[in-house]
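**Student:** Single-letter residue listing:
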Amino acid sequence: MQGKTAQPIPYLRLKLFGTFFRIGLFTFGGGFAMLPLIEREITDHKKWVQADELIDMIALAQSMPGPVAVNASILIGRHLAGTSGAVAAMLGCVLPSFFVILAIALTTANFQTNPYVQQFFTGVLAAVTALILMTAIKMARRVVRDWITAVLAIAAVILVAFFRVHALLVLLGGAVIGLGLFFLHPALTDHVTGRADKQQKGPKS
Amino acid sequence: MSLLFELFYSFFRIGLFSFGGGYAMIPLIQSEILHHGWLTADQFADIVAVAEMTPGPIAVNSATYVGYMTAGVVGSMVATAGVTLPSLLLILLVAGFVSRYQKHPLYTMVFYGLRPVVVGLIASAAVFIGKTALVHLVENQSLRDWFATLFRKPLDAIQPAALLIFAATLVVHHKFKLHPLILIMGAGLAGILLQFIF
Numbered sequence: 001m002q003g004k005t006a007q008p009i010p011y012l013r014l015k016l017f018g019t020f021f022r023i024g025l026f027t028f029g030g031g032f033a034m035l036p037l038i039e040r041e042i043t044d045h046k047k048w049v050q051a052d053e054l055i056d057m058i059a060l061a062q063s064m065p066g067p068v069a070v071n072a073s074i075l076i077g078r079h080l081a082g083t084s085g086a087v088a089a090m091l092g093c094v095l096p097s098f099f100v101i102l103a104i105a106l107t108t109a110n111f112q113t114n115p116y117v118q119q120f121f122t123g124v125l126a127a128v129t130a131l132i133l134m135t136a137i138k139m140a141r142r143v144v145r146d147w148i149t150a151v152l153a154i155a156a157v158i159l160v161a162f163f164r165v166h167a168l169l170v171l172l173g174g175a176v177i178g179l180g181l182f183f184l185h186p187a188l189t190d191h192v193t194g195r196a197d198k199q200q201k202g203p204k205s
Numbered sequence: 206m207s208l209l210f211e212l213f214y215s216f217f218r219i220g221l222f223s224f225g226g227g228y229a230m231i232p233l234i235q236s237e238i239l240h241h242g243w244l245t246a247d248q249f250a251d252i253v254a255v256a257e258m259t260p261g262p263i264a265v266n267s268a269t270y271v272g273y274m275t276a277g278v279v280g281s282m283v284a285t286a287g288v289t290l291p292s293l294l295l296i297l298l299v300a301g302f303v304s305r306y307q308k309h310p311l312y313t314m315v316f317y318g319l320r321p322v323v324v325g326l327i328a329s330a331a332v333f334i335g336k337t338a339l340v341h342l343v344e345n346q347s348l349r350d351w352f353a354t355l356f357r358k359p360l361d362a363i364q365p366a367a368l369l370i371f372a373a374t375l376v377v378h379h380k381f382k383l384h385p386l387i388l389i390m391g392a393g394l395a396g397i398l399l400q401f402i403f
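Line by line, the protein sequences are chains A and B. This note's numbering applies: residue 1 is where the first sequence begins, and numbers increase by one. This note's numbering applies: residue 206 is where the second sequence begins, and numbers increase by one.
Read the hints as simulated data drawn from the structure, not as lab findings. There may be inaccurate statements among the hints.
[What the hints assert, rightly or not] Once the Cα atoms are required to be at most 25 angstroms apart in a straight line, the calculated DSS-like pairs of lysine-lysine come out as: (1) A:LYS47 / A:LYS15; (2) A:LYS47 / A:LYS138; (3) B:LYS382 / A:LYS46; (4) A:LYS46 / A:LYS15; (5) B:LYS382 / A:LYS47; (6) A:LYS46 / A:LYS138; (7) B:LYS358 / A:LYS47; (8) A:LYS138 / B:LYS382; (9) B:LYS380 / A:LYS46; (10) A:LYS47 / B:LYS308; (11) B:LYS336 / A:LYS15; (12) A:LYS138 / B:LYS336.
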């Protein structure tokens, strides 16, 4: 995660702010709802961040305190344009939420009890569920390469979704298992590191 | 002045000590706010409901709201800055450290273990949102009771309009690669229109 890109992008900080403002404006249903949008805008469309790098950034964003969406915007902004990029992306991510809540507090409108608003959000959350699921499947295709990663992914879903184990505990478990494999299974370590090198040297997909 | 400082400090602590994002942060936010008497329990329940229907992380939503209710627009700015500042400072501190060891096999292996867990967490988020968005779950209802309802009175167990939109989003997203924003807005409109049918 170096703070430099191959080619300078004009007005990068302004673009970072604008992109995250647009994403922040439509992040309904929690921080993870941001991921399909980030994937589309930052990875697929603008190609600012590679898909594998994005997964690592999300891993970091979840392991750090604070809202995952805010953490992700800071990491991506920093990756592309250093500290000022981090600030630009974070402001873009936070300001839509800030203005909308301020507007609601100022008008003291009980908009959440309006039936049309409720129906609208029934639809929005159904779509967000589908989009997050698609993102998870897409990322699983990149990440799950062998039985160990398959077991880890399935175990994480079962522990968090059905046994309500705290996300941080599961992340810690994944990191410790990775660490253990490094010390106990050198052959796998060589294999995985070799694969990572090949991916970094290969053409950008 | 001391109120502004209190707001900043309180939300700074929330930003610093809440891990896992979203709903995992609610208990800490709630105890901080109720402890100070900034909102009543009912008001806090309201803000959680509003947060679901407004964009952005719930921590930011509640910081802005509480800040405004206690100290006006300046208060909302101070509280929002407080809740996001720990993220910014910590990440700027840690990210440089992390990227220095990015090529080390130890790093590769830690992330080899982390990445599938992250994918699992994302899938779990879909399960959590789907649980409120697609089905009718009575409070503390067990999975078995829910299945029992599903077979006896299917319409009491699911939200047909939402399930239809869910399925349509999967198909349209897969086939036409539309921008998620278009899908989200379209799904919202479909939610309003489908109420006339179901």
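**Student:** If a hint holds in the structure, say so; if it does not, say that too.
**Tutor:** How the hints compare with the structure:
1. A:LYS47 / A:LYS15: 13 angstroms, holds
2. A:LYS47 / A:LYS138: Measuring from Cα to Cα gives roughly 16 angstroms; hence the hint holds.
3. B:LYS382 / A:LYS46: Satisfied, since the Cα-Cα distance of roughly 15 angstroms is no more than 25 angstroms.
4. A:LYS46 / A:LYS15: 11 angstroms, holds
5. B:LYS382 / A:LYS47: Holds, at roughly 16 angstroms.
6. A:LYS46 / A:LYS138: Since the Cα atoms of LYS46 (chain A) and LYS138 (chain A) sit roughly 18 angstroms apart, the hinted pair holds (cutoff 25 angstroms).
7. B:LYS358 / A:LYS47: Since the Cα atoms of LYS358 (chain B) and LYS47 (chain A) sit roughly 48 angstroms apart, the hinted pair is violated (cutoff 25 angstroms).
8. A:LYS138 / B:LYS382: Given pair LYS138 (chain A), LYS382 (chain B) holds - Cα atoms ~13 angstroms apart, limit 25 angstroms.
9. B:LYS380 / A:LYS46: Between LYS380 (chain B) and LYS46 (chain A) the Cα gap is close to 21 angstroms, so the pair holds against 25 angstroms.
10. A:LYS47 / B:LYS308: 22 angstroms, holds
11. B:LYS336 / A:LYS15: Violated - the C-alpha atoms of LYS15 (chain A) and LYS336 (chain B) are around 36 angstroms apart, more than 25 angstroms.
12. A:LYS138 / B:LYS336: 21 angstroms, holds
Hints 7 and 11 from the list above are not met by this structure, while the remaining hints are.
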